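A.B. asks: If you want the building blocks of each chain, they are given just below.
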Amino acid sequence: MNKLFFSILILTIPFFFTACDKDDDNNDTTGNIEIEFDNIALENGIQKQLSLVTPGSTEYQYSNALGQTFNINLLRYYITNIKLEGPNGELYEDEVSVNASGTKGIYLVDESDLETGHITLTNVPSGNYNKITFTVGVEENGVQEGAAGGVLDPATCNMFWNWNSGYIAVKFEGQSPVSNGGVSGVETLDVSSANGIAYHVGGWRDMEGTAFVYNNKTLSFDFDTNAKVSGNEQPHVHMVFDVLSLFKGVNDIDFTGNHNVHKPLDGVPIAENIPAAFAFDHIHQ
Amino acid sequence: MKKVILFFSLALNLLSACKRDDVVDEDNTYTLSPPSYFPSVLYPLENNPISKEGFELGKKLFNDPRLSIDNSVACSNCHVKAVAFTDPQHNPSVGVFEQSGTRNAPMIANMAFQSEFLLDGGVSHLDFIPVFAIENKKEMGETISNVVVKLNRTADYPALFKAAFAEIDTITSPYMLKAISQYMLLLISDNAKYDQMLRGEIAFSEEELQGQTIFNEKCATCHAGALFTNHQFINNGLDTTFADIGRALITETNDDLGKFKVPSLRNSMLTAPYMHDGRFKTIREVLDHYRFHVKNSPTLANELHKSGQLGISLTDEEVDNIILFLETLTDYEFIANPKF
Chain G
1 MNKLFFSILI
11 LTIPFFFTAC
21 DKDDDNNDTT
31 GNIEIEFDNI
41 ALENGIQKQL
51 SLVTPGSTEY
61 QYSNALGQTF
71 NINLLRYYIT
81 NIKLEGPNGE
91 LYEDEVSVNA
101 SGTKGIYLVD
111 ESDLETGHIT
121 LTNVPSGNYN
131 KITFTVGVEE
141 NGVQEGAAGG
151 VLDPATCNMF
161 WNWNSGYIAV
171 KFEGQSPVSN
181 GGVSGVETLD
191 VSSANGIAYH
201 VGGWRDMEGT
211 AFVYNNKTLS
221 FDFDTNAKVS
231 GNEQPHVHMV
241 FDVLSLFKGV
251 NDIDFTGNHN
261 VHKPLDGVPI
271 AENIPAAFAF
281 DHIHQ
Chain C
286 MKKVILFFSL
296 ALNLLSACKR
306 DDVVDEDNTY
316 TLSPPSYFPS
326 VLYPLENNPI
336 SKEGFELGKK
346 LFNDPRLSID
356 NSVACSNCHV
366 KAVAFTDPQH
376 NPSVGVFEQS
386 GTRNAPMIAN
396 MAFQSEFLLD
406 GGVSHLDFIP
416 VFAIENKKEM
426 GETISNVVVK
436 LNRTADYPAL
446 FKAAFAEIDT
456 ITSPYMLKAI
466 SQYMLLLISD
476 NAKYDQMLRG
486 EIAFSEEELQ
496 GQTIFNEKCA
506 TCHAGALFTN
516 HQFINNGLDT
526 TFADIGRALI
536 TETNDDLGKF
546 KVPSLRNSML
556 TAPYMHDGRF
566 KTIREVLDHY
576 RFHVKNSPTL
586 ANELHKSGQL
596 GISLTDEEVD
606 NIILFLETLT
616 DYEFIANPKF
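Residue numbers (this note's numbering), protein chains in the order written: chain G, 1 to 285; chain C, 286 to 625.
What the hints contain is simulated information worked out from the structure, not anything from laboratory work. Incorrect hints may have been included.
What the hints assert, rightly or not - Here are the computed lysine-lysine pairs in the DSBU-like style, where the Cα-Cα straight-line distance is at most 35 Å: (1) 337(C) with 503(C); (2) 104(G) with 435(C); (3) 591(C) with 566(C); (4) 478(C) with 263(G); (5) 104(G) with 345(C); (6) 344(C) with 104(G).
Since we're looking at a predicted model, the values are computed, not measured.
Chain C with its partners taken away, still in its complex shape (with noise of 0.2 Å):
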């Protein structure tokens, strides 16, 4: 009996493939194809197969202020496009209400390839990021269930759901998360200037070669890979005493203190306020901070304080060159493609 299901399933599952290499897109548009150079995709995918009824309606959601308690508050408000889905104008992020929290929000790109997410890691799956979102009193207020309700007594809502998902009838909680991360899944930055250096379209000038050469020796260890992060928590030297205990909040050692998710570096030059509390308006800033201001603490990195030295040795040659390498990280087509 269990053989003859399986075979049965076995028969379904291929007749679905029938379909679906009938659809599919002549440019991939709807897949997720990452650059080679990229690492693997660690989202798992066999359990939410990415459509573009599925990536639209997570569109949808995405920018819909009905996901917050009063109506107000998308997760576009705080994840802007043309900032590569960052904040740009409030430090640290402001949520319903006016109510800010204490972070700043971070770049969404190439969230597949991530397994822990939120600065301090809470949160061990994309999927569960939007529950995080709504229900957090400082983001959108809201309980994931009343949001099921609300989306169910739309006109619009429930076709779109329908048309995404074929074996639903009414509106449950998991098609509403699967539905925004096959949104968020495709939001992938993989053709900044660098990228068309790596895939041998242009060449770097000598100043931005300089500037990778002194990135790959002083920046790397951290902010490592082609998306410029080591996926490790740790502490760069902002503070001696925290206000927020990043990573510690989560793992409740000590040995975590003051210790934040690396961020990728990707798009860095449109990501301003900089760092988890979004402390520095410019990139200099930032620069300034490695190079004068590291503080010493106990969970202190060991690069930021090399023989008893604090911080990162550069001179100012090198840091023009740091940043015009940084400009190279940046992908405009991302930002402008309306497909997002």
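Chain G extracted, bound-state conformation (with noise of 0.2 Å):
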């Protein structure tokens, strides 16, 4: 039976061969769109592209709302679930998977690699698309799968929580004058920098009462104009994420205090801040 099973795969598999590349040729149903997350400092309405400093710098060119200075040593966030809607029922979902060969769907935004804030969807169904929807860090389908490659590498992703298994959504690292210093636990400092702030903010599962709480945020934006997808044309999308607003919105985070943050439920002041953070910006056709 299974030899009989073989023997006609072997003799159809030429087939599937024909059809792929017919389907390549055919330009007219799917594309590419790029997302672009670009990660900048909103001061006064003007959008300034981030600096990274060397751990330990005393140039300070960010403040927060409570007039605090700062600066940045790194910035990562991942990205999943990212979702395309248009006015005609177009509708994209991207293919989440996970497993030890590597992950897709699930993207890590590193701002001192700005590489990867440009994500290429790819056989999107052609069409006009005037909606995007992503989740800000990963969600259950990413940790219950167990060990995974790619960006959830835990050995190199530096995302991951080893003691309360999952992984950080947005993780920050700096330098504020008035932080009394001691952060632990941190890839750019140790607890002997002066100065150091540090925020892991993530959370994938609820328990009434309890420390563990979600934080991940599902945002959607709605675009100015249509993004036209086809085979030959390939719209790019521009989100931006201004770091500052990380500390500001709904609370207003306090460098003076709690600014060595590793814990969900620690994290909840920032988390809360996250949606207004990101904004859709504009198109290029």
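The two chains are supplied separately, each in an independent frame; assemble them into the complex guided by the hints.
C.D. replies: As structure tokens, then:
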């Protein structure tokens, strides 16, 4: 029985290949779209490019809502479950799969490697899209599948919490002169670093009345025009992430206390600021 | 296009299914085949199909001190096969640089049926346990990334990983973690006298039967079912204030102060010392605790202070019979199995 099946498959495989070839020539049904996540500092309505400093630097480029100055060593976050929708029922849901050989549909945007902010979605059905939805942080499906490769590889991603397994959604490290240092479990600093501030914000599950809190955020944005996807048009959607908004909005973050955040519960005030830190900016067609 | 790919991968799956069929060993040695009365498998096996090569690789890793920072401590230092993969000597278990943690190493057996690991449930997937153990300063003190570098440099591991996971060219951490899980998943202890009795192969003595009855009456609310645990976090009255706050470390709520995972009692005659900190050396001390020394605190389990009475009332004879019953939970085949 198995043998028979086997030979039928062998015989049919060449047809699959030709089928694939044909599809690739046909440019009309699908296309690519690029989503860019551009990290910025929004000061008085003006978007400024971020600059990272070497850990320990005492040059402070930014300030929070309380007027406390700070700088940034590291900024990194996960984007998952990207969904695009259009006015005529167009729908594209980026497939998420997680296994040892790698991950699909989970992106780690790292300010120290600007390429990581450019996400190209392929095989998007041709059509017009005017809305994007995505999740900041790795959801249960990324955690409970077990050890994973690619951007979730616990040996290389530097985003894995080993004592309370799960991934950090947004990782920020830097300095502020008002901080009294002493941060621990941090990538770019250690307890002896003066003025360190570290915010490792995450949490993929809620357990009533406990420190397990869900801190991932699923956000939707409408575009101002349609992004037109087709075989020969690859639109570029420009999203911005304002790092200053991490520290204000719903909750003003004070760098003089609670500046060493590593647990879901401690990260709630920042997580609540995350939605307003992202914004749709523009589309290049 | 998508459909074609789906079809194609379906075809590939079928192909590999055929291939797998040919190599399956007659006695199911490398498949997870627990008895029907065990709880359901909670590990997502579809993500990590067990093979002989993966299991053997996991076993080698488990016994390899190169997983620790100074190449001195293997998983098997603290999880010793002869005593159902617990730590017989140390209380608490000693890791790299002779540092000791605060906890006593629990049994590694029947891991496939759990979804919360460690005594406080801090780790929610078996694959991630080695990350915790390797990166714990008081266990193996190493980083996962450095272990991966070390393994890639060895003479033997690259080929063994390739044999277990055909798709890879260099060793990466998820494959190492999956291999160790494959080994731990097959550590199934299901052939104690108790199991033979359930299968009708032998009968219990009068005393063993009485022990079972009294155990079911007094202990089985917590030590429940075929694995003798209800998988809950419970305060069984060891202390009034807690040096180790247990589950509350993870949940950060006072309701969980001093609560620890109810351990399986399979092989418990082998797993001394007992409790999270290994404070009791013998099973009689454990029973004395339940009879005479249960301490009150706001989180103490209700069963242990029924109608104003602290502890569990047992006669000397009942204690003897409970111990005889616990002896039927020892799986000598498990600890002698050369495969493990």
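A.B. asks: Take the hints in turn and mark each one as holding or not.
C.D. replies: Comparing the hints with the structure gives:
Restraint check for residue 337(C) and residue 503(C): the C-alpha separation of about 42 Å exceeds 35 Å, so the hint is violated. Restraint check for residue 104(G) and residue 435(C): satisfied, since their Cα atoms lie roughly 28 Å apart, inside the 35 Å limit. For the hint linking residue 591(C) to residue 566(C), the alpha-carbon distance of about 27 Å falls within 35 Å, and the restraint holds. A threshold of 35 Å between alpha carbons decides the hint, and for residue 478(C) with residue 263(G) the separation of about 45 Å lies outside it, so the pair is violated.
A C-alpha spacing of about 31 Å is found between residue 104(G) and residue 345(C), which places the hinted pair at or below 35 Å, so the restraint holds. Annotation: proposed proximity of residue 344(C) to residue 104(G) holds, straight-line Cα distance about 30 Å (limit 35 Å).
Figure legend: structure checked against the earlier numbered hints; hints not met, in rising order: 1, 4.
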